[in-house]
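Trainee: Here is what each chain is made of, one letter per residue.
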Amino acid sequence: DQQVKQNSPSLSVQEGRISILNCDYTNSMFDYFLWYKKYPAEGPTFLISISSIKDKNEDGRFTVFLNKSAKHLSLHIVPSQPGDSAVYFCAASGGKTSYDKVIFGPGTSLSVIP
Amino acid sequence: NAGVTQTPKFQVLKTGQSMTLQCAQDMNHEYMSWYRQDPGMGLRLIHYSVGAGITDQGEVPNGYNVSRSTTEDFPLRLLSAAPSQTSVYFCASSVGQNSPLHFGNGTRLTVT
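From first to last, the protein sequence lines stand for chains A and B.
Under this note's numbering, the residues of the first sequence are numbered 1 to 114, in order.
Under this note's numbering, the residues of the second sequence are numbered 1 to 112, in order.
Chain B with its partners taken away, still in its complex shape (with noise of 0.2 Å):
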């Protein structure tokens, strides 16, 4: 049982690149959830999902695009990298609504 895996753990893109973080879980959860984690800021919700086929936005969606075709999967896109978007993300995934969220390890992303 692996819980919450994220990849890579570490990626520098150049401005305008664009790249897929991956989350997977295998806990069979229907929450699942991006933040991203900046000095001062705290996480900061990106998108989230309640199930196969439906996502949301978060506090700060733009710029990023998700999809959940699986209940495992719920990878992260970022379409044309900026500078900005240099931070540590973190994907979660939990039973449901009321329950603690269970954390990857996160993706450290520096865009130059």
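Bound conformation, chain A alone (with noise of 0.2 Å):
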């Protein structure tokens, strides 16, 4: 039973649009959210993350909207290069029995089209 789901395997967008990535969890006790890329032959880099205290976190062209009653993020970039074509990772932890683990999603594969 996946705890973290995204049900988008791949997203296709032209270059300078908007790409937004979505990510659903199960367990309430989440409180901490992250996003990792991840390009072929490297391992996952991380690239933004959001407390369940706030329900916006932004980073230049990132941006990471947590819904906390619907058990949603989303990463937005904007606008989208070529370059931020890669696979997108999103992650969670927290609770008294599981703050240690770090739990992924299966990842949306982004292509940006120039």
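Hints may be right or wrong, so weigh each one.
[To be verified] Mimicking SDA-like on lysine to any residue, the simulated pairs with C-alpha atoms at most 25 Å apart in a straight line are:
no., chain 1, residue 1, chain 2, residue 2
1, A, Lys71, B, Lys9
2, A, Lys37, B, Lys9
3, A, Lys56, B, His102
[Said to hold, decoys possible] Derived list of chain B stretches under chain A, where covered just means 3 residues or more per stretch with a C-beta under 8 Å from a C-beta of chain A:
no., segment
4, 42–48
5, 97–111
It is worth saying that the hints were derived from the structure and are not from the lab.
Since the structure is predicted, the reported quantities are computational estimates derived from the model, not experimental observations.
By construction, the Cβ of each residue, glycine as well, lies at the ideal position given by its N, Cα and C atoms.
Need the complex rebuilt from these two chains, each delivered in its own frame; the hints are there to steer you.
Mentor: As structure tokens, then:
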């Protein structure tokens, strides 16, 4: 039973437009959420995070939104660039019994078309 | 400062063989973990450690052993490899709770 879900395996966006990647979670004890980006043959790299006490965090072209009541978060990339083409993983952690475990979703492959 | 270093990069094993995947970090991070990446499954947590001498199971621990005798090293042992363990393995470390993970570049393991 996946605790972190990314229901879109892939997404294609034109360069300069907005990319929106979605993530849903089932464990209400999660209180910290992260997005990672992964290029082929490399390890994932940290992109942006958000704590459950916030509903938005922004870093340059990247913004993460958190809707706790819906157990949903999204990553917005504006404007999208060809170098953003990668697999994006949503991850979550938190809760008394699982705060040390960081659980990842299955990933969304983003293609930004020039 | 090398970050997280994994060796080897590639490995082919026969069913039943054993091997150890090495992971070392030079950032003095207390938290270390092992993930496997499979198509459509994302990254699944195998084992993790919150400090030297302390390890715990993740989502998919069966078939794998770990130990943490030093802060720097966190090896992953396959005692009797099975084809189901064919995967890409990533080691990661972080300062601690609610801190981003730093990943190595992975070990691609094939078990025939």
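Trainee: Between the segment 97–111 of chain B and chain A, see if three or more residues pass the 8 Å beta-carbon test, and mark the coverage as holds or violated.
Mentor: holds (count 9)
Trainee: With a cut-off of 8 Å between beta carbons, are at least three residues of the segment 42–48 of chain B near chain A?
Mentor: That given contact holds, which follows from 5 residues of the segment 42–48 of chain B lying within Cβ reach (below 8 Å) of chain A.
Trainee: Is it true that the CA of Lys56/A sits at most 25 Å from the CA of His102/B?
Mentor: This hinted pair holds, its Cα atoms lying about 23 Å apart.
Trainee: For Lys37/A and Lys9/B, compute the direct alpha-carbon distance and say whether it is at most 25 Å.
Mentor: The given pair, whose Cα atoms are some 20 Å apart, holds under the 25 Å limit.
Trainee: With the threshold set at 25 Å, check whether the alpha-carbon distance from Lys71/A to Lys9/B stays at or below it.
Mentor: Roughly 37 Å between the alpha carbons, so the hint for Lys71/A and Lys9/B is violated.
Violated hint for the displayed structure: number 1, the only one.
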